[in-house]
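S.K.: Take a look at the letters that make up each chain.
Protein chains: 2
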Amino acid sequence: MDKLKERIRREGKVLPGNIIKVDGFLNHRVDTIFMEELADEFAKTFDISKITMVLTAEASGIALATICARKYGVPMVFAKKAKSDNIEGGLYQSDIFSYTYKKKVTLIVAQDWINANDNVLIIDDFMAKGYAMRGLIDIVNKAGASLAGIGVAVEKGFQSGGDSLREEGYPIRSLAIIDKADENGIVFRED
Amino acid sequence: MDKLKERIRREGKVLPGNIIKVDGFLNHRVDTIFMEELADEFAKTFDISKITMVLTAEASGIALATICARKYGVPMVFAKKAKSDNIEGGLYQSDIFSYTYKKKVTLIVAQDWINANDNVLIIDDFMAKGYAMRGLIDIVNKAGASLAGIGVAVEKGFQSGGDSLREEGYPIRSLAIIDKADENGIVFRED
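Chains as they are written, first to last, in this note's numbering: chain A, 1 to 191; chain B, 1 to 191.
Here chain A stands alone, though its shape is the one from the complex:
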């Protein structure tokens, strides 16, 4: 998506440790109007008319997933990290390694909110090694639900999480894939 790439090029910052910061419009301050354009873009790839829910992981995926879900007219469910006192009863769980926190975290979704009749579109703001994404897919599978697709705003292509999932046949659309990011700038993969 050219407009997203332009925006990353203009506003993104590359920090040491392969961190690409786009927190001015995507995941700290969120440009809610622009998020709707991303939602429209995902709708060109996936059959939105057949999805029953959008699934994401807390916290930074929630804003984009919410705009997508509102646009498609379905509920948004976010997987919580670790166990909170406010969740009772049956849970689907998946242990993942968090790249952000550098430790193991558990993604949880209450069994009340995803089931075998669901056709799930997973949405996330970022994908690097794909650990969180694997956790979300695991939860969809544990619930016996169908996976309609995986939509990612920014994929760090050089960390290969997306390529692994594509090789395994998962239907992924990443709106911008960054193949290289260093002091010389950002190189995007061709669409």
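Don't take every hint at face value.
Treat identical chains as interchangeable: a pair holds within one or across any two.
[Stated by the list, open to error] Straight-line Cα separation of at most 16 Å, EDC-like style, residue types lysine to aspartate or glutamate; simulated pairs:
hint: 1; residue 1: K5; residue 2: E37
hint: 2; residue 1: K81; residue 2: E58
hint: 3; residue 1: K13; residue 2: D112
hint: 4; residue 1: K21; residue 2: E6
hint: 5; residue 1: K71; residue 2: E36
hint: 6; residue 1: K142; residue 2: D112
hint: 7; residue 1: K5; residue 2: D31
hint: 8; residue 1: K21; residue 2: D112
hint: 9; residue 1: K129; residue 2: E168
hint: 10; residue 1: K71; residue 2: E37
hint: 11; residue 1: K102; residue 2: D47
hint: 12; residue 1: K13; residue 2: D191
hint: 13; residue 1: K104; residue 2: E58
hint: 14; residue 1: K13; residue 2: D40
hint: 15; residue 1: K5; residue 2: E190
hint: 16; residue 1: K180; residue 2: E190
hint: 17; residue 1: K142; residue 2: D179
hint: 18; residue 1: K13; residue 2: E183
FYI, nobody ran anything at the bench for these hints, they're computed from the structure. These figures come from a predicted structure and were not determined experimentally.
Given chain A, put chain B in place with the hints provided.
M.R.: Using the frame of chain A, we list chain B on its own:
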């Protein structure tokens, strides 16, 4: 807001420890269409035309705040909890006690995304003792920004965070105030 009260009465669950669970439409599975009705309701109370941003705290406030921000045509900023490697440079911080996690957490907003020219509408899904809300107000003050108002979906009136803020003159609108919740059901405060 009668429709919200009806929905809490119909779908809410009261758990031991004064926990009121409405995670089927508000803060785990999110009814994104209904959230827009809440956004319309806040717009009756506050002068939306003058706000420059919606501010909330991660994670459960993000969905409602995003829908509100989209509806009002402004960005949504969420205060992050604790320090993540992905945030560099100047931060506004406020230490709060988290009722959910039973420990101190630090709310942080990058100084890049809030400043003295901002007129901020704070939105959150829940308010109990008001600790998170105090942290968000503190950040607005530290940034030298103006506070346009505070919109809360569900206030636990019996935990008095909202009443304290009202006594201090803060402009708060809670769409449903719960004055009692036990095995006999939920009692709402009259509008």
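S.K.: The structure should be examined with respect to each hint, and the outcome stated for every one.
M.R.: Hints and how they fare:
1. In this homomeric assembly, K5 and E37 come within 16 Å of each other (Cα to Cα) only inside a single copy, at 13 Å, whereas the closest approach across copies is 34 Å.
2. When the C-alpha separation of K81 and E58 is checked against a cutoff of 16 Å, the pair qualifies both within a copy, at 7 Å, and between copies, at 12 Å.
3. For a Cα distance limit of 16 Å, the shortest separation of K13 from D112 across copies, 13 Å, qualifies, whereas the shortest one inside one copy, 40 Å, does not.
4. When the C-alpha separation of K21 and E6 is checked against a cutoff of 16 Å, the pair qualifies only within one copy, where the shortest distance is 14 Å, while the shortest distance between copies is 42 Å.
5. In this assembly of identical chains, the alpha carbons of K71 and E36 lie at most 16 Å apart whether taken from the same copy (7 Å) or from different copies (11 Å).
6. Taking the shortest alpha-carbon separations for K142 and D112, only the intra-copy value of 13 Å comes in at or below 16 Å, while the best inter-copy value is 41 Å.
7. When the C-alpha separation of K5 and D31 is checked against a cutoff of 16 Å, the pair qualifies only within one copy, where the shortest distance is 15 Å, while the shortest distance between copies is 31 Å.
8. With identical chains, the CA atoms of K21 and D112 are at most 16 Å apart between copies only, with a shortest distance of 13 Å across copies and 35 Å within one.
9. In this assembly of identical chains, K129 and E168 lie within 16 Å of each other by CA distance solely inside one copy; the values are 15 Å within and 48 Å between copies.
10. In this assembly of identical chains, K71 and E37 lie within 16 Å of each other by CA distance both inside one copy and across copies; the values are 10 Å within and 15 Å between.
11. Proximity of K102 to D47 under the C-alpha cut-off of 16 Å is found in neither arrangement, the shortest distances being 35 Å within a copy and 43 Å between copies.
12. For a Cα distance limit of 16 Å, the shortest separation of K13 from D191 qualifies neither inside one copy, at 22 Å, nor across copies, at 48 Å.
13. In this homomeric assembly, K104 and E58 come within 16 Å of each other (Cα to Cα) only inside a single copy, at 15 Å, whereas the closest approach across copies is 20 Å.
14. Taking CA atoms no more than 16 Å apart as the test, K13 paired with D40 passes in neither setting, with 26 Å inside one copy and 36 Å between copies.
15. Only within a single protomer do K5 and E190 lie at most 16 Å apart by alpha-carbon distance; the minimum there is 11 Å, versus 51 Å between protomers.
16. In this assembly of identical chains, the alpha carbons of K180 and E190 lie at most 16 Å apart only when taken from the same copy (12 Å versus 58 Å across copies).
17. For the homomeric pair K142 and D179, neither the shortest alpha-carbon distance inside one copy (32 Å) nor that between copies (39 Å) is at most 16 Å.
18. For the identical chains of this complex, K13 and E183 are intra-copy neighbours only, at 10 Å inside a copy versus 53 Å across copies, given an alpha-carbon limit of 16 Å.
The earlier numbered hints that this structure contradicts are 11, 12, 14, 17.
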